[in-house]
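Undergrad: These protein sequence lines are chains A and B, in that order.
For the first sequence, this note's numbering assigns the number 1 to the initial residue and increments by one for each residue that follows.
For the second sequence, this note's numbering assigns the number 1001 to the initial residue and increments by one for each residue that follows.
No wet-lab data here; the hints were simulated from the structure.
Check each hint, because a few of them may be wrong.
[Claimed, not checked] The list that follows gives simulated cross-link-like pairs (lysine-lysine, DSBU-like), each with its CA atoms no further than 35 Å apart:
no., chain 1, residue 1, chain 2, residue 2
1, B, Lys1543, B, Lys1200
2, B, Lys1543, A, Lys67
3, B, Lys1171, A, Lys188
4, A, Lys188, B, Lys1543
5, A, Lys124, A, Lys67
6, B, Lys1084, A, Lys124
7, A, Lys124, A, Lys248
8, A, Lys124, A, Lys160
9, B, Lys1084, A, Lys336
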Amino acid sequence: MPVRVRTALVFLATWLLAACSGRQSALDPQGLQSDQIRHTLFIFLIIAAIVWIAVMVVLGIGMLRRKRASNQPLDLDRRFEEGSGRLILGLGIATVIIVLGLSFVSYAGQRTVFAKDENALTLKIIGHQWWWEVHYEADSPHQSFVTANEIRIPTGQPVKVELESADVIHSFWVPSLTGKMDLITGQKNELQFTAKNAGIYRGQCAEFCGLQHAHMAFAVIALPPDEFGRWRDHENQSANSPADPLGKQGEDLFRGRGCALCHNIRGTLAGGQLGPDLTHVGNRTTVAAGTLPLSPATLGAWIADPQHIKPGNLMPRMPLQSDELIAIIHYLEQLK
Amino acid sequence: MSMAADDRELRDESLDGLQLSAQLERIWRTPSGLLGALMSVDHKVVGRRYIVTAFAFLLLGGILAMLMRVQLAGPEKTFLSPDKYNQIFTMHGSTMMFLFAVPVMEAFAVYLVPLMVGTRNIAFPRLNAFSFWMFLFGGCFLWISFLLNVGPDVGWFAYVPLSSLQFTPTKRADVWAQMITFTEVAALAVAVEIVVTVFKLRAPGMTLDRIPLFVWAMLVTAFLVMFAMPSIMVASTSLILDRLVNTRFYDSSSGGHPLLWQHLFWFFGHPEVYIIFIPGTGMVSMILATFARRPVIGYPVIILSLIAIGFLSFGLWVHHMFVTGLPQLGAGLFTASSMLIAVPSGLQIFCWLATLWDGRPVYRTPLLFVLGFIAIFVIGGLSGVMVASVPIDTQVHDTYFVVAHFHYVLIGGAVFPLLGAVYYWFPKITGRMLSESVGRWNFWLAFIGFNVAFFPMHILGLIGMPRRVYTYTAEMGWERLNLLSSVGAFIFALSFALLLANVIYSLRKGARAGDNPWNASTLEWATSSPPPPHNFDRIPVVKHRDPLWADSESLPVVAGLSAERREVLLTSLAEAEPQVREASPEPSIWPLLTAIATTVFFIGSIFTPWAVLWGTPPMAITLIGWFWPTGSREDEA
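So that you can see chain B by itself, here it is in the shape it has in the complex:
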């Protein structure tokens, strides 16, 4: 620590409460005006934008789902042409996976993790801003392409050779592949920030065994992102190369192989499910502790389960390929490894049940969503055990049974906790409560609508309905279950309309939340709602896993950070002992400009390989601008 060198600097200990608040707010706030907004590096501002954008994509993806349910409500409907239908189901899957599910979880993490670990900003805040812009531009690129009728139509999995130049001569497959690049760059950036934030920016005293479970979940997720996403980037980049410059990675007539694509895709694609689901479990653990009015039982069990899921998730991608003609014994081993993931998942469920068993549950909307999560997710997990079996999978693979299964897992396992999380953290983010009575309607419509929509699909799959068909004939006998499913889907959609109405209404008219409306235990509730730009006037010192329950009167704090410039406290990895004061970057326009240059490069390079040549100098220039030394204290630190 270089305390002696700058002892003329204004430190927080020399200011009283109100002065300190005002001073810190002045140096940490986002500049005003449009330019200021574009320059923001505040994790809360970026996180809010991220959340809203991801929900906007949920709305778009949901509209596509409704269009498909109209088309499938009856046999031989002509509501959508086959071409439109194929684009729509591809867009639905791609939007939900790449533009909603993964980003929304990372978005919540961007907002919440720095608050939960008690620091002032996320690590690498400019990278964070860059990540958001990349995500936004990538999503818009995909959707504008779709509206221009060059939306991808090869499925969200884009299997070769269907997505090769020979069978998709238009730009549709390139749009899909390059959208992947955008979103993966964004996701990788956030993953790096989360890991560093959790490892180095925790409040003093927040040892590894005092980290909130949501933060643990996001830490594991971040590692999954870092190991899984490169696989899909390699896959999609090779696809673009095959299509643009005639490489032959996937061409079986020149020594490539289409199954290479499937291995690379699912080596990413299966962990992807856990990248979506693990944050959901983190949300569940947080909500459950608060509303069961006691800490979650089995804190170490849950953490070890999360880590075990993380490792196991890389060892079961082959169960997506059971019908590609792989050796039987190998496939059988992947059955066992796939089923084994039920063990850590089950352990978490047991911990939650025990918590509820011993708790004094308060049945507010967030808890309702968690209870709904348990009922739905367990079905999804058990049907997952079924599809992990090779013989069963040969029947249900690529049928509506699988569609039912993964919607139970993803909506049950991630969206229900997420909706609970929206009700739970909305007061913190906005300072106002969401309406509880609308929340109950929201929950019951979602729960009933979801089950009516997706349960019949299990049966549809078993009675022979394949996925990704734009129509079917009446004599197949699928008509009534499909109609029922469509009705359920619309009820489910209605629940989201209620949520939207609740959010819009509550933003203006909702009851004031106060700092800690739920009497929760973790640090994000120790500051005002919404939090000030600097999060905490003084950095708390953590002495307990549930700091706000243990020290209900006032938290101990640490002093000595600068009150003149943006500064965060770095602590040691395991014990979170204070190590050094570190400058945190000022707002900057360069992340946005870099994202624009990168976007031009990415989009250009699906049309001409020369874009790699003329696309890099602008990127280099913007990056130089980004890192240009300004001679400020920030650079010296």
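Isolated chain A (complex conformation):
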């Protein structure tokens, strides 16, 4: 291959595959389970590649080789007919062996991926059109709390997520950590995974769930265990009371303008249960279920017109003056 062509191909490949080690990729495993799955995948991939190349080589030789002697279609060579019959049978048996072998490889991988650990940290995740309700459950009620669209977990420790749905079927998928599992109406599923490394791993709903299926993402943030413990203790507390007048105004507006009808902020009068819990919303990384990175600007844009960013979602547009909007943003921001 001429050097120039090769350079061009390499360039094309790097240009196209720039993102293979992204934050949401089955090829960039950061968990025990995703590691195992990639391992299984590569075994299958190699065998598939060998089979395909073999078929193409046989096809190519078959096309190029010397033609058979007779041009009469029914004047066949008996030896070839019988020999090819035996060969086809042999290849059929070889296929059976390959397929059974791969079934065992697959089942071995499956056992590892779905192995259960009784001591796993347990979370309950409830899918909603188009956001994720996350329950951290502990033995004592005052250690249990609810958050949304962002899951923090400790590294190196098995995590069990119990999956339920409040409406239609969704699917919980964080490819960097493990494969997906559906959240099915009227059924409880569960999934276990262990993050190997600290980091932010993006996940996304993988079962079509209606108009805004595309904007139903979330983040899994894996933290070192001690840091996770601190976060958990903090998250378990009630919301901060705003210290400044602007924040207080925001809190009043949050209650007065209908926000509190749907959203819960623990420790305040806002106790709605329809939308995501916002008790510590200021600590989160995204708004609108992973749609935008969280900042005062994006928060403002979202509240000012939710239907523009995520058309059809269930959050209505509330008529707000710009100073009122600023007060609400300020209030939410300091809910850390």
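Please build the complex by placing chain B on the supplied structure of chain A, with the hints as guidance.
TA: For chain B alone, coordinates are given in the frame of chain A:
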């Protein structure tokens, strides 16, 4: 046989060649005029309409695909609103599966099977006409609904509870569910006709081991249709009942279960793939034999493979449900059963490779499409082995990897053979050849365009892109592969534009084909192109699996059929020994009227349950008209 009773009747043996041709043409032709056209029960006329209609739906479905590729070509495009996008991907899937892929294969069978088995018309020709009208009306119903902005938007799989009344309060899900009823009625009717045609109407001497492979493939397909389609009709009818009269089949709060839907849907949905793919393999076997200039190696192996695929296809639906939380061991067993289907599929590929190996291949366009089929389909089959693995599937399920996989299987496994079939049988159907040079361009654009469009999707799925998302952000890193895929899709679309141009041009200006332009071996090439209304002046007698190669001078024929009325020869199931002369129905307007009455009933019943009440009398009346005894010889026979 009641030979003695009607010995004054004019028989074919008492006429010479030209007289017989003219006489048979007179009694078998479709009446002239618009009314005549609507009354036609000729399998070739109905088959042609079926093929053209299915390709029209392919064009529409393809346009939708292009709209989606524009929307996804870059991140956060606003070309389509989420609502439109969801309707479009639902319509694309539903159109391609229910209005193109299954019907087009059955359409080719309706046209070709009676010719290939050497008879004068398909079994139950009026049912055949009815089937076409139902298909046409069902397809139009879906598309008119879409244009009126009540197109379904719940996916071609319409999972509950998303498609339940609570989450889809508009009529969109009903439109989808009732379109299913239309197309399934049409498909079931054709399946029955194919089975009876193959079992009872074969030319004398066409024993089971002399049946052309395409006919075998369609026979297996017909049985799959009969066993798979009732499942989806039960599912979609239950859905309509849930939505219309508050039954609770799928409502988990009242003892139903959403997974019931998925089991019923995929018990149909997986065989559906083989309903599309098996006819494709039949086409491949026919084309390959002709252009490799020798019979396909392993005729019995291929037939047994087809039957094995048919059986296995009912035992692997659960692999569509690996992430619904089923018991692990059970899921693992479905991994093995899903992979096992690679064995009969592989055996067929080996037979074709051996055929090519020993053949003297003539590289005309149909063969090019078959070679393209092998290259693409093997990739699809191997990625199928990958998705059959539970752990791998948990990653790639509902991602673009699966989108890539099933387009490799369905386009590679069915559309490429189908395009080869269009080039191969166009001369028979129209009497003119398609342009070979345009055909080569058509093939290469299709092959390159297809791979550029769909190969990148494998990678997209692995790097996290889920299916059925109307947009994505730039930071996901999916932008370039999506752009590449969109470019490929447009190249692929261009190849279909070339095909259309080739067809339109060749219909007028194409070279005359003659009876057997490819020097092929099966009976459809033993008659003129296009065939006369009665297919064959005299029914051939088959003494060899490749009759036209074995008896290249002239075929032996059987005599004694009536030359005064429509008559076909029934033969025994295994040995195809002549049994009885059977009347074949005259043209009739009643199938069309019955289809109209049924359409009114079906559409009415998504709006009010009372339609079941007032919708049935018109159907009953039209059916009575259909079966009303006319006192003709036809009824007595």
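Undergrad: Each of the hints needs a verdict: does it hold here or not?
TA: Here is what the structure says about each hint:
Restraint check: the Cα-Cα separation between Lys1543/B and Lys1200/B comes to about 17 Å, which is no more than 35 Å; the hinted pair holds. Proposed proximity of Lys1543/B and Lys67/A is supported: the alpha carbons are some 28 Å apart, at most 35 Å. Straight-line distance between C-alpha atoms of Lys1171/B and Lys188/A comes to about 30 Å, which keeps the hinted pair within the 35 Å bound. Our distance criterion of 35 Å between C-alpha atoms is broken by Lys188/A and Lys1543/B, whose separation comes to about 63 Å.
A threshold of 35 Å between alpha carbons decides the hint, and for Lys124/A with Lys67/A the separation of about 67 Å lies outside it, so the pair is violated. Among the hinted pairs, Lys1084/B with Lys124/A is consistent with the structure: their alpha-carbon atoms are about 34 Å apart, no more than 35 Å. Taken as a hint, the Lys124/A and Lys248/A pair is honoured in the structure, with Cα atoms around 33 Å apart against an allowance of 35 Å. Taking the CA atoms of Lys124/A and Lys160/A, the gap is about 8 Å. The hint holds against a cut of 35 Å.
For the suggested pair Lys1084/B and Lys336/A, the alpha carbons sit about 39 Å apart, so the restraint of at most 35 Å is broken.
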